[in-house]
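Novice: Sequence:
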Amino acid sequence: MGDVRHVAVLGAGSWGTALAIHLARKGLKVGLWGRDGGRMAEMRAAGRNVRYLPDAPFPATLTPVDDLDALVSTADRVLLAVPSSGFQDILHRIAPRLSGRGLVWATKGLDLETTRWLHELVLEALPGDVHWGVASGPSFASELGRGLPTALTLASPDPVFAEDARAWLAGGTLRVYTSDDVVGVQLGGAFKNVLAIAAGVSDGLGFGANARAALITRGLAELMRLGVATGARNETLMGLSGLGDLVLTCTDNQSRNRRLGLALGQGQGMDEAVTAIGQAVEGIRTARVAVAKAAALEVDMPICRQVYRVLYEGLAPTAAVEALLSRDPKPEF
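Residue 218 in the numbering used here is what sits at position 218 of the sequence shown, and the numbering runs on without skipping anything.
Calculated from the structure, these hints are not laboratory results.
For glycine and all other residues, C-beta sits at the position ideal for the given N, C-alpha and C.
It cannot be assumed that every hint is accurate.
Label-pair restraints from in silico Cβ distances [as the list claims (entries may be wrong)]:
1) A45 / S142: 15 to 23 Å
2) D3 / T178: 17 to 25 Å
3) A60 / A319: 49 to 57 Å
Straight-line alpha carbon distances no greater than 25 Å define the calculated SDA-like cross-link-like pairs of lysine to any residue that follow [unchecked claim]:
4) K330 / T230
5) K26 / L148
6) K29 / L68
7) K330 / A319
8) K29 / P59
9) K330 / A214
10) K29 / R146
11) K330 / N234
12) K330 / A211
13) K29 / D55
14) K29 / A60
Using the sequences and the hints, build the whole thing.
Specialist: What follows is the structure in structure tokens.
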């Protein structure tokens with residue numbers, strides 16, 4: 001695939017910034033792109049992303065930029081880390097300039113408008129000679145930005161490109177495993193936020209560690225049922241991008257989705273809770289996608305369904321828990 005020296009990281013939120021810092025620490029030349037020219041100028045002046053990662057100074061080889069076309073045209077590889085809501089737009093903007101460069105995305109989720117997997121959008125938009133992969137796993141941006149150990153899975157249909165991407169992405173405190181299960185690696189990252197809201201609600205209601213463990217385990221069962229219906233492999237969903245990411249977001253208050261659930265369980269209204277969190281809570285919109293996917297594929301996802309009812313139908317959290325507990329008994333497997 002060739003020597004990689006210059007990487008374009010697209011998306012100057014917390015996750016894109018953390019990935020850019022990590023790559024620059026490795027000695028790569030990194031251009032970090034964001035839409036807002038004023039904010040990118042502020043980052044250049046401050047030498048850090050004051051808004052999202054104020055405690056993680058930029059290495060000397062990291063440059064914030066706002067010229068997307070110029071950055072992509074000069075980079076050896078492109079790492080896309082924008083929110084899923086903006087994924088398709090940026091993908092179409094950069095597609096004509098990706099030939100020979102290769103694309104990895106670290107965006108978690110599906111296309112919220114069509115409920116399609118992101119790799120389906122990539123297959124439609126990119127020229128046939130562009131190799132691609134998706135990276136996902138248990139990863140809080142603040143910890144990677146501080147240089148704390150993190151592990152991801154990188155999936156690509158091309159094993160040669162997967163190894164190429166692993167080589168320039170991994171190193172230092174970031175370990176990367178490879179896979180060819182593109183759907184499986186995306187599935188956990190897409191739906192774990194909905195289950196994190198459920199875990200937060202349970203803890204907000206004071207239900208304790210037993211209930212939290214049960215929700216995580218039965219939430220994993222829902223992911224695995226959906227995985228069977230979509231062609232994902234069970235071992236992928238038991239790995240970093242499935243169980244690993246699920247445990248992370250359900251148990252640590254760095255998760256915005258868990259914090260939303262905590263607030264709802266403690267009696268706050270959703271608008272009040274989202275305002276207090278101050279950033280997008282992906283699980284709110286993803287709950288709609290989860291319910292739609294489950295219905296279309298005839299997959300039983302009762303936890304996701306009850307989260308949807310709390311968020312969109314005004315169901316009281318206590319009533320949602322009662323609905324789950326009163327379901328007919330059945331074998332675990």
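Novice: All the hints need checking, so say for each whether the structure fits it.
Specialist: Structure-based check of all given hints:
As the Cβ distance of A45 to S142 is approximately 22 Å, the hint placing it in 15 to 23 Å holds. For D3 and T178, the Cβ-Cβ distance of about 20 Å falls inside the hinted range of 17 to 25 Å, so the restraint holds. Distance hint check for A60 and A319: the Cβ-Cβ separation is about 55 Å, which falls inside the suggested range of 49 to 57 Å. Under the criterion of a C-alpha separation no larger than 25 Å, the hint pairing K330 with T230 is consistent with the structure, at around 24 Å.
Distance hint between K26 and L148 is fulfilled; the C-alpha atoms sit about 14 Å from each other, no more than 25 Å. Pair hint K29 plus L68 holds up; C-alpha atoms about 16 Å apart against a cutoff of 25 Å. With a C-alpha separation of about 21 Å, the suggested pairing of K330 with A319 holds against the 25 Å cut-off. Proposed proximity of K29 and P59 is supported: the alpha carbons are some 10 Å apart, at most 25 Å.
Among the hinted pairs, K330 with A214 is consistent with the structure: their alpha-carbon atoms are about 15 Å apart, no more than 25 Å. Distance restraint check for K29 and R146: the Cα-Cα separation of roughly 19 Å lies within the 25 Å cut-off, and the hinted pair is therefore satisfied. Under the criterion of a C-alpha separation no larger than 25 Å, the hint pairing K330 with N234 is consistent with the structure, at around 21 Å. Between K330 and A211 the alpha-carbon distance is near 18 Å, which keeps this suggested pair within the 25 Å criterion.
Taking the CA atoms of K29 and D55, the gap is about 21 Å. The hint holds against a cut of 25 Å. This hinted pair checks out: K29 and A60 have alpha carbons roughly 9 Å apart, not beyond 25 Å.
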